[in-house]
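Start from the sequences and build out the full structure, keeping to the hints where you can.
Residue numbers (the working numbering), protein chains in the order written: chain L, 1 to 365; chain S, 1 to 513.
Please note: incorrect hints may appear among the correct ones.
[Stated by the list, open to error] Pairs of lysine-lysine residues, derived as BS3-like cross-links and limited to a Cα-Cα distance of at most 27 Å, are as follows:
| # | chain 1 | residue 1 | chain 2 | residue 2 |
| --- | --- | --- | --- | --- |
| 1 | S | Lys402 | S | Lys426 |
| 2 | S | Lys426 | S | Lys455 |
| 3 | S | Lys286 | S | Lys143 |
| 4 | S | Lys143 | S | Lys115 |
| 5 | S | Lys426 | S | Lys379 |
| 6 | L | Lys208 | L | Lys98 |
| 7 | L | Lys177 | S | Lys379 |
| 8 | S | Lys455 | S | Lys479 |
| 9 | S | Lys286 | S | Lys472 |
| 10 | L | Lys177 | L | Lys83 |
| 11 | S | Lys379 | L | Lys161 |
| 12 | S | Lys332 | L | Lys226 |
| 13 | S | Lys379 | S | Lys28 |
| 14 | S | Lys115 | L | Lys83 |
| 15 | S | Lys286 | L | Lys90 |
[Unchecked claim] A few chain L residues that don't get close to chain S, going by computed Cβ distances all over 12 Å:
| # | residue |
| --- | --- |
| 16 | Gln7 |
| 17 | Leu79 |
| 18 | Lys83 |
| 19 | Val184 |
| 20 | Leu270 |
| 21 | Lys340 |
To be clear, the hints were calculated from the coordinates, so they are not data collected in a lab. These numbers were taken from a predicted model, which means no experiment stands behind them. We treat Cβ as the ideally placed atom computed from N, Cα and C, and that holds for glycine.
The residues making up each chain are set out below.
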Amino acid sequence: MTIDPLQIIHTSDMADIALGGAFLGTGGGGDPYIGKLMAEQAIEANGPVRVVDVDTLDDDALIIPVAMMGAPTVMLEKLPNGKEAGNALKALEAYLGKTADAVFCIEAGGLNSTIPIAVAAAAGLPIVDGDGMGRAFPELQMVSLTMHDLQATPMVMADEKGNSLVINTVDNLSTEKFARVATVEMGGAALIALYPMRGRDAKKAILKGSMSLIKSIGRIIEAEQKANRNPVHELSTQLNGHRLFEGRVHDVDRRTEGGFARGTCTLSGLGPDEGASITLEFQNEFLIARRPDGAPLAMTPDLICLLDLETGQPITTEQIRYGFRVIVFGLPCNPQWRSKHGLELVGPRYFGYELDYQPIETLNG
Amino acid sequence: MYRIGIDVGGTNTDAVVMDGDTLVLGVKSPTTEDVTGGIIASLTRVLDESGIGADQISAVMIGTTHFTNAVVERRRMSKTAAVRLCLPAAECLPPMVDWPDDIRETVGGHFWLAKGGNEFDGRDISAIDEDELRGIADEIGKKDIDTIALCSVFSPVNNEMESRAHKIMAERLPHANFTLSSDIGRLGILERENAAIMNASLRKLSGETVEAFGKALASAGLSCPCYITQNDGTLMSADFVRAYPVLTFASGPTNSMRGASFLTGEQDAVVVDIGGTSTDVGSIIKGFPRQASTSVDIGGVRTNFRMPDVYSIALGGGSIVDLGDPITVGPKSVGYRIHTEGLLFGGKTTTTTDIAAGLGFADFGDPAPARAIGEDRLKTVWAMIDEMIVNSVERMRVSPDKIPVLAVGGGSILMRDTVGELPVVKPENFAVANAVGAAIGQISGEVDRIFSLEKISRDEALESARKEATEKAIAAGAKADTIEILDQEDVPLAYLPGNATRIRLKVVGDLNG
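Written as structure tokens, this is what we have:
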């Protein structure tokens, strides 16, 4: 598709970005609303944020991703004071003895799609047009940077009280484990700066164009909604997407296991899919879509998004209820995820499903 | 003994007398500017026409959109001080940050941030600083603001900080009134705080309104207690409404749906209310509307009240039908002008009602011009209308069972015997369903907070939530032996290790006496 490169982010762009972020949340990642308000405030106060193509950065440029870690539900109640992420960034700069040249968004889906924009505005830094997931994933080692052997640490976590921790670990999975525990002590949500990287590494390791993609998706959904059309057709055409199923939520079965909102959602077909049914498996995000005989239609790391049939509004795993009329929409993930290393990190087996990965376009040829 | 239900609408004030579960009589009177006049007129009529003495009435239940309208129209809201206990957290998004400018200006936009607040597990973010709060109270006093909204981080988990701040500030501002966010809202600080600020700004109006209701009852010779319905279809005492007027928001659709359920005797159903320009579809479960899980805007302000989940489409009895190619139905409507513009009434515009008439479904007007459209095209349009209704009913349907569809509203001529596979039931007396919905109100108690499952099991947490909600219901006037759980859900906190779960639980019981 022709995605217009996003070059600058004004407050007026934030609604589209939050909508695109909710879409790429693939059912999880938290509501981007708070991050959107934060970014709007920060841009209001400090001016718009410049978006840079990673290839135009120096090989030696220092790029630092910032993000929120923990429970989005907590952040809806205990709002940040606004300085945490900037403090984490500064503390990491001090630790490294270098100042950052650009900020980076590690997760293009959900709340984390909007927070780095607020940080970039406040710090007066540009944001790189890219991200580490191309969607939402639940754990911090699940980024393309891990595939390229970039270290998550040194990492800084900061809370609103002024506490900050520097973490150094032997591998990125350990970073996830230690940081997750510290998040609880920090009140259930912390702002983090991690994966400090050089321009030369970022050019290979990041998923490029994500900020432009988020904005385009948001713009398409918004424009189609305004024209009273379901955005699915336009999204399919523009993004190489697959309209996997059209149906009504027939059953939602939720379980809690180890801090994940897991569950299964059954859809019975409508319109072209009348008479058929499928199930969606989720663990915060939608991970597998399959037919009643077990045959998969799409699976992680490909994107499975649930959209309202009438409005095209993205629906989260927490919102799904009996009776919702929805379209299941699938998008191929970034090709980097389809490597052996990528599938070890975020493939179906990592999430406990006895399935070998098959690309969405093969399954829906 | 009898009960009286009253619905104060924008146009009409309706009143019904109920004898237990039986509707004795319903009347309509025009709503008056001062509200009181319309209530007195309806009360007097309903008592006179039913021949029931004022001393035989045990309670009066009133449903009103008065406070919602004040917010929507930005009228009669007082200057309000918002005080948030949160520092050092939550500075980045100050109170009223996402409000439309005009309503922020109406309430003055005054806010203060202070130390305090809790973490999700109950720990302090920081301790309260009494001198800081006294200083803020003095500044509020200097600005001549006498209504204050207090909101502390995670106060639904622990409301001690709000209560303490209230006590400290009230010593400095003895004549001010305080709204504590933990008394009216749930988790989600911006939404809860928004509700608290709107509530505080409506306290003066609620005082006057409750007084007016009291006077109206007295003028009609009634000395029984008076209750007002809240958004979930349950009742609040008049004193409670004086303190929490925002809890009446959206009680209109709730009363209408509950009234329809009561009048048909159907406890589980889809309610379709077809008006002149739009159709509202909602679901009734155990006699109560299913509530929306997403945030609801009131006058452009985001709140997280439990509102009935209503799906609206642009289809009404006055929707304009364009017979060109392709044929379209709505979204434009002639609205109330149908009586002059519709074909049925000698007008030139084809409406959905004309299509129904052309097919012989109307027993009024002159169907000849509509019949001239020709049976094929009439049937095509009818199928389109039917599909719109079927789709919205399917969307709101909450179970695969063949539950009935309750058809109400002036445009319900667009519904025949079935919607898809579901049977249609048209209640009699629907014109007074809102007042009936008010009259059958029950008393509720609700809990919504995060429980830690470190030391107790999930069942124990649910049990403790049930006990807490039951105690609240009894304190609000419910008969203990009639209390039952209406709604219960627990959602674990995602992306956190350890066991914390958010429990929402609501119980209802019959009104005492």
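Item to complete: Any hints from earlier that this structure breaks? Give me their numbers in increasing order, please.
Response: 2, 3, 7, 8, 11, 13, 15, 17, 18, 19 and 20
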